[in-house]
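Heads up: the protein sequence lines correspond to chains W and U, in order.
For the first sequence, full-length UniProt numbering assigns the number 1 to the initial residue and increments by one for each residue that follows.
For the second sequence, full-length UniProt numbering assigns the number 1 to the initial residue and increments by one for each residue that follows.
Take the hints with a grain of salt, since some may be wrong.
Copies of one chain are not kept apart here, so a pair can be met inside one copy or by any two copies together.
As the list claims (entries may be wrong) - With a Cα cut of at most 27 Å, we get these calculated BS3-like pairs of lysine-lysine:
1. Lys-332 with Lys-216
2. Lys-39 with Lys-291
3. Lys-216 with Lys-107
4. Lys-260 with Lys-124
5. Lys-314 with Lys-260
6. Lys-293 with Lys-235
7. Lys-84 with Lys-216
8. Lys-84 with Lys-331
9. Lys-314 with Lys-216
10. Lys-235 with Lys-107
11. Lys-110 with Lys-314
12. Lys-39 with Lys-314
13. Lys-291 with Lys-124
14. Lys-293 with Lys-84
15. Lys-314 with Lys-95
16. Lys-110 with Lys-291
17. Lys-216 with Lys-95
18. Lys-359 with Lys-39
19. Lys-84 with Lys-291
20. Lys-216 with Lys-260
21. Lys-84 with Lys-314
These aren't lab readings, by the way, just hints derived from the structure by calculation.
Number of protein chains: 2
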Amino acid sequence: MNPTINFTPGPSQLYFTVEDHMRTAFREGIPSLSHRTKKFESIYQSTVEGLRALLGIPAGYHLYFTGSATEIWERIIQNLVEEKSFHLVNGAFSKRFFEVSQQLNRKPVKLEAAQGQGFDAHFKAPAGTELIALTHNETSTGVMLPLDFFRTVRTNHPNALLAVDAVSSLPFPEFDFSLLDSVFFSVQKGFGLPAGLGVWLVNDACVAKAEQLLSKGLSIGSYHTIPSLHTHALKYQTPETPNVLGIYLLGKVVEDMNRKGIHAIRHETEYKAAVLYQALSENAAISPLVKDKAFRSKTVIVADTGEHTERITKMLLEKGMQPGDGYGAAKKTQLRFANFPTHAKETFECLADMLVAYKP
Amino acid sequence: MNPTINFTPGPSQLYFTVEDHMRTAFREGIPSLSHRTKKFESIYQSTVEGLRALLGIPAGYHLYFTGSATEIWERIIQNLVEEKSFHLVNGAFSKRFFEVSQQLNRKPVKLEAAQGQGFDAHFKAPAGTELIALTHNETSTGVMLPLDFFRTVRTNHPNALLAVDAVSSLPFPEFDFSLLDSVFFSVQKGFGLPAGLGVWLVNDACVAKAEQLLSKGLSIGSYHTIPSLHTHALKYQTPETPNVLGIYLLGKVVEDMNRKGIHAIRHETEYKAAVLYQALSENAAISPLVKDKAFRSKTVIVADTGEHTERITKMLLEKGMQPGDGYGAAKKTQLRFANFPTHAKETFECLADMLVAYKP
């Protein structure tokens, strides 16, 4: 394996147990296992049960697998929005979710915030909004919505479905799922797995909404509609031949994380984030992109490195650390650091020391 | 790895080099490689170039990656059919393609054949048919369309797009791509790879048709529309975070297959099929499901085993050979045998000997 420690926010550094699990997978015939076998069903089931335990997912919430989180943006709009979705947009990924709704010929409305900024939780979506699309952690800018944000949105919008993109935050956030209708992520970020699998959580209200659109004669897709995914998921099956190996590996990493304990993972994430933000504030040449502490991401920390970007990158690479580039136009003036469960505390301490010691 | 030889038609036995390639992948950091790197682009490019060489894919044909072949059914209807698709249906998978068109609120028409039967190539699709959906190899029944079938269909339908599901036949068939507009497959069958990746070939006529639908204001999807896939593919990129590891492994197996030579692979496939069909005709208790030799699949051979099914299965399993069950309702009366590049000649000879020696 590459000895460089990878801080890019996705695909990220592998969780440190993945290579061993892959060896076991080959020994057990998983890469060629048919998805129409009892053995596959038991893998699906144990992956789901592991995720329920890890994330505290309640009954009445269902878990489906897709090819990517990008696919889930599309499936959410297809299945849950007849016309009106409302999007909080503050970066490239939340913007893309909004655009998907446009491309599917819905009539989405957006509330925009400037780069590096959050939102006032007391916004009011237009009357008749069917779904509010929230990006918990905007990977491009490192803005994370605080958890009490969702309570305010829920209170002010009792009739809209709330869908939360948690791609680059889970397993860190302790969501109160009773406030949310759908949450989704992909496995190549916080879970440290090879890309090629999306995980979509929906509650009964989502199932009912999709069935309602279908009963109106609207098309909500074909194999990956909520009713199709749901019928199969009840039997721990999938409508199509899925990424069996990906589901197996996710189950194994979730097992490892449950063994470590979600509290320890959350605590370490908080600690590592604090260490890094402290370092960013100690060196005058560097500063956190997100000024408002309430919106600072704990899982993707973005540094405004300005004209020092290239030199800092070089310095880190020489020590075997690969920072993530700033996103898009910010490539030459910002650096992004993923803070995922696979990143050790010692590594973050070392990274922080180097950033503090950097001489402009 | 499981020592049983797996004849299930999908997911099938792994190609025998896959485990080695997986080890190399980990050594080279492929499982966490970002899809926005030059290294990924060069993997994508070499996979495409390898497939072009292996299958004889001409210029003017483009190659996109999806999550599954099931997804490609949906993308074909979304991107290439405003209203009228025409489907040749003779089993569970060709039927599913037809149903996808219904679910997307198009107005598909089908021509049906009984189980185990092919079609008269001189059928005439309704006037105004935009796309004819053909399943080259119906995996559920082992019916394979002969290659000259496509020439007749093309001649009789100069204005329709021809889309060919080659999921369980490639890399075996030597398609004349000038007769076809789109061909697609998934990697867990003939290519012997872990499931979770679909490969979609389209020609310029498909690109034009998708753009035409889009310019009419119709929705053709979001991230996996042909225009979006196409723009990215020109740079060897993908719209979403793809199954990077799957694309890498496909490229490596295709390299192995090119080293062996497609002529040798085709010749061996023909030979193994001949050996097995001969065996099926020699034992009075067993017979090929497909009576018309012109339509007998070379890659998924289905045996009518009637009341002997359970005993034959047991006999084969004792010798370390796992036959595929008959599909759906035929589970207790048929067996299916995949004849893919990973299956050795000697294995097929042994399988044939055992079937001939079976005593009712």
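Next on the checklist: If you test the structure against every hint from before, which numbers come out violated?
Outcome noted: 1, 2, 4, 5, 6, 8, 9, 10, 11, 14, 15, 18, 19, 20, 21
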